[in-house]
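Chains as they are written, first to last, in the UniProt record's numbering: chain Z, 1 to 184; chain B, 1 to 184; chain R, 1 to 184; chain V, 1 to 184.
Don't read these hints as lab results, they were simulated from the structure. Remember, it's a predicted structure, so these values are computed and weren't measured experimentally. A few of these clues could be false.
As the list claims (entries may be wrong) - Quick list of the computed label-pair ranges, beta carbon to beta carbon:
#1 Z/39 <-> R/8: 18 to 24 Å
#2 B/116 <-> R/7: 38 to 44 Å
#3 Z/170 <-> R/50: 37 to 43 Å
#4 R/49 <-> B/181: 56 to 62 Å
#5 B/49 <-> Z/34: 55 to 61 Å
#6 Z/176 <-> R/52: 47 to 53 Å
#7 Z/173 <-> R/117: 52 to 58 Å
#8 Z/45 <-> B/72: 52 to 58 Å
#9 B/49 <-> R/146: 53 to 59 Å
#10 V/30 <-> R/168: 30 to 36 Å
#11 V/35 <-> Z/9: 46 to 52 Å
#12 V/32 <-> R/50: 25 to 31 Å
What the hints assert, rightly or not - Residues from chain Z that keep clear of chain B, each with C-beta distances beyond 12 Å, as calculated:
#13 27
#14 52
#15 53
#16 68
#17 93
#18 94
#19 121
#20 126
#21 128
#22 130
#23 140
#24 162
#25 165
Quick reminder that beta carbons are idealized off the backbone N, C-alpha and C, glycines included.
Listed here are the chains, written in short residue letters.
Protein chains: 4
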Amino acid sequence: MPRFQEKRELSINKLVEVALRLFASKGYEATSIRNIAGEAGMSLGLLYNYFKSKDELLEEIFRRSVEDIHASFVQSPEVGGSGIEQHIRQTVKLLKEKKDFWKLLHGIRIQSEVVRQLMAEMQEQTAYIEDRIRQNLIVAGIPFPDLEAKLLFASIDGMASHFLLYDNYPIDDVASLLIMKYKK
Amino acid sequence: MPRFQEKRELSINKLVEVALRLFASKGYEATSIRNIAGEAGMSLGLLYNYFKSKDELLEEIFRRSVEDIHASFVQSPEVGGSGIEQHIRQTVKLLKEKKDFWKLLHGIRIQSEVVRQLMAEMQEQTAYIEDRIRQNLIVAGIPFPDLEAKLLFASIDGMASHFLLYDNYPIDDVASLLIMKYKK
Amino acid sequence: MPRFQEKRELSINKLVEVALRLFASKGYEATSIRNIAGEAGMSLGLLYNYFKSKDELLEEIFRRSVEDIHASFVQSPEVGGSGIEQHIRQTVKLLKEKKDFWKLLHGIRIQSEVVRQLMAEMQEQTAYIEDRIRQNLIVAGIPFPDLEAKLLFASIDGMASHFLLYDNYPIDDVASLLIMKYKK
Amino acid sequence: MPRFQEKRELSINKLVEVALRLFASKGYEATSIRNIAGEAGMSLGLLYNYFKSKDELLEEIFRRSVEDIHASFVQSPEVGGSGIEQHIRQTVKLLKEKKDFWKLLHGIRIQSEVVRQLMAEMQEQTAYIEDRIRQNLIVAGIPFPDLEAKLLFASIDGMASHFLLYDNYPIDDVASLLIMKYKK
DNA sequence: AATGAATGAGACTTCATTCAT
DNA sequence: TATGAATGAAGTCTCATTCAT
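Let's have the full structure, built from the sequences with the hints guiding it.
This is how it looks when you write it as structure tokens:
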């Protein structure tokens, strides 16, 4: 019965979507399973048919989001320019597209009690991103690429934080300015 | 009876110190009042003699920390160099000195909810800092000081995040590199 | 699934019944939620599935009781005699049938605080009853019906209090005597 | 040192007065010892120097009030008229003078968990009052004095309840009407 | 006499999770 | 698949009371 499979996926997608939204706006701890099931229009029991625990739901959110982001970074660039420019533009694009996930991530990454495991996996992603940045800096012939990579990564991350934090943050302008610094 | 006052302040200081440490490491929501009182070596009831609620304890932590930080920024600089250099060095110094508070802040600022009030007050501090940065950029004769201020603020914030996030983060080196970019 | 509805109603009815009994005998404040759940043979958590708070449970008790009483007063009289006689007899009948509710009401009505809202609604009922009494007095051609209504209402209320207060209170005899005073 | 004695009595009087006011307005259970000490302008410890417990404070309130009321009933009448008239007028007078105590009493007498002992003592007073009423009825030559006493007592009690319950209750008028019924 | 620090039990309430249907 | 009844631990907070000073 493919119908069952369909419904199953529909429900799971709905749950992931709702949970991400709530985790992003209220925080992981402050969001209750009841709240999620309610907003998703389904019962507590059904939620537990799909996810063994609240943690597992969080993990699934991370899995999906990280996968999407990774794919987006790896695949042929959707934005033009040099390597660095592409990287920054791509990051900004993803920030806008997946604002809720970034909010969740930024809100959870420092106090990772529940999510130590997830964070370990994230670390890999982080290292990968920093490495990409370094590669691009090397290509651009910038000196001290290791340290520069750390700085650029931090700058991008800070920009992201402020975008998530403040309304009407002119992220495109700030990004452009940042890109300019690495031109020539 | 100054003895009461003494004991009172001792208890309050201990509570604020312990709560800050726990909030920083486990997060505000995940830290229980019982946990705080226990680590502070006192009973639940005593905590509530001094703080009407968990929120109020958090507020007191913020009040004290923000006050310290503000004072530290305003007073005669303890680190040398140009305006921008001073600002960055001072920030790094404070980051190291008040690591727990920054952890708490970075872990709480995105999903406010409980702390919308506090965040509103923080906003003022934030605006003040961004303005200081802009002033320094103007003095240094840097074009687009508004946008540059946003970028520099973001870079510093991102650097701080990574310092809080990763062990052995070479913040002094990254800071030096950042300072260099605004020299000459 | 009517099964859920059934169970739900069963639990709610049980809770309302037990809570009324306990509130009546020990008072609202002195009765704990744990006590209620325990006597009702269910867990604390289940109670909170049905009632958001202790107050709401009290409100439900009031809602149901007031509704019953109102219905009983409005519907065709189950006791004979003149208007006044009917009113008094009906009151006595209800007193016996809903002794617990009257106990709760008499024990709570003076120090409202929690139940100011409920009391405001009760006031309407009270006014309605006093008005009914006045109508009956007018029909019976008794002078000063306004004041007489207040007095008769007070007498009935006092009789009720003493019935609730003292064991073996001869309420039927006292009621008969009271009725006699308004005959002829 | 009579000064100590003086201060002691002053403090005790203040506590009794404040506690009575708070018990009357919020109820016994809902009033905290802290609240009482605070409103009386003294420390928790001092309160416990004078009263071993919250119960004992309540007992003292009852002792004093009952004594006052008893004295007032027993002593030469301050209001004129026949026995019944005197009794009713005197009751109304006391109601006005000791409104808080009556509120407390009416709010506590039905659910007497804490105060079973006190209520037993009150019962004596009650019996005494009912007996006085009966004596007066006998003197007035009214038939069925036993039952009439119960009814009149209930009427007076109900009047009192309504006076305590409703603002601007015309108790004097209602009392006059009640008195009239027993004239001739 | 007088203070208020200190305690711990217990109050109300929420929550993640399990289970019978 | 789907429901929501049911649980019990744990959370925040209040309270009467004791005690050192």
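Hints versus structure:
Checked against the hint of 18 to 24 Å, the C-beta distance between residue 39 of chain Z and residue 8 of chain R comes to roughly 22 Å, which is consistent with it. For residue 116 of chain B paired with residue 7 of chain R, a C-beta distance near 40 Å keeps the hint of 38 to 44 Å intact. Against the hinted window of 37 to 43 Å, the Cβ-Cβ separation of residue 170 of chain Z and residue 50 of chain R comes to about 51 Å, which falls outside the hint. A beta carbon spacing of about 60 Å between residue 49 of chain R and residue 181 of chain B agrees with the range 56 to 62 Å that was offered as a hint.
A hinted range of 55 to 61 Å is violated for the C-beta pair residue 49 of chain B and residue 34 of chain Z, which are about 34 Å apart. A hinted range of 47 to 53 Å for the beta carbons of residue 176 of chain Z and residue 52 of chain R is consistent with their spacing of about 52 Å. A beta carbon spacing of about 54 Å between residue 173 of chain Z and residue 117 of chain R agrees with the range 52 to 58 Å that was offered as a hint. As the Cβ distance of residue 45 of chain Z to residue 72 of chain B is approximately 54 Å, the hint placing it in 52 to 58 Å holds.
As the Cβ distance of residue 49 of chain B to residue 146 of chain R is approximately 55 Å, the hint placing it in 53 to 59 Å holds. Between residue 30 of chain V and residue 168 of chain R the Cβ separation comes to about 32 Å, which falls inside the hinted range of 30 to 36 Å. As the Cβ distance of residue 35 of chain V to residue 9 of chain Z is approximately 58 Å, the hint placing it in 46 to 52 Å is violated. A hinted range of 25 to 31 Å for the beta carbons of residue 32 of chain V and residue 50 of chain R is consistent with their spacing of about 30 Å.
A Cβ of chain B approaches the Cβ of residue 27 of chain Z within 12 Å, the least distance being about 4 Å, so the stated non-interface status is violated. Consistency note on residue 52 of chain Z: stated as away from chain B, and its beta-carbon is indeed over 12 Å from all of that chain's, at 20 Å minimum. Every Cβ of chain B is farther than 12 Å from the Cβ of residue 53 of chain Z; the closest lies at roughly 16 Å, confirming the non-interface assignment. Once the 12 Å rule is applied to beta carbons, residue 68 of chain Z is consistent with being away from chain B; the minimum gap is 20 Å.
At roughly 17 Å from the closest C-beta of chain B, the C-beta of residue 93 of chain Z stays outside 12 Å, upholding its exclusion from the interface. Remark: the non-interface label on residue 94 of chain Z is consistent with the geometry, its nearest Cβ contact in chain B lying 16 Å away (cut-off 12 Å). For residue 121 of chain Z, the condition that its CB be more than 12 Å from all CB atoms of chain B holds, with the nearest at approximately 15 Å. Separation of residue 126 of chain Z from chain B is inadequate, the least Cβ-Cβ distance of about 9 Å not exceeding the 12 Å criterion.
Remark: the non-interface label on residue 128 of chain Z is consistent with the geometry, its nearest Cβ contact in chain B lying 15 Å away (cut-off 12 Å). With a minimum CB-CB distance of about 10 Å to chain B, residue 130 of chain Z fails to clear the 12 Å threshold, and the non-interface call is violated. At roughly 15 Å, the least C-beta separation between residue 140 of chain Z and chain B is larger than 12 Å, which holds for a residue marked as non-interface. At roughly 5 Å from the closest C-beta of chain B, the C-beta of residue 162 of chain Z falls inside 12 Å, breaking its exclusion from the interface.
Residue placement check: residue 165 of chain Z does not keep its beta carbon more than 12 Å from all beta carbons of chain B (closest about 6 Å).
The structure fails hints 3, 5, 11, 13, 20, 22, 24 and 25 (numbered hints given earlier, in ascending order).
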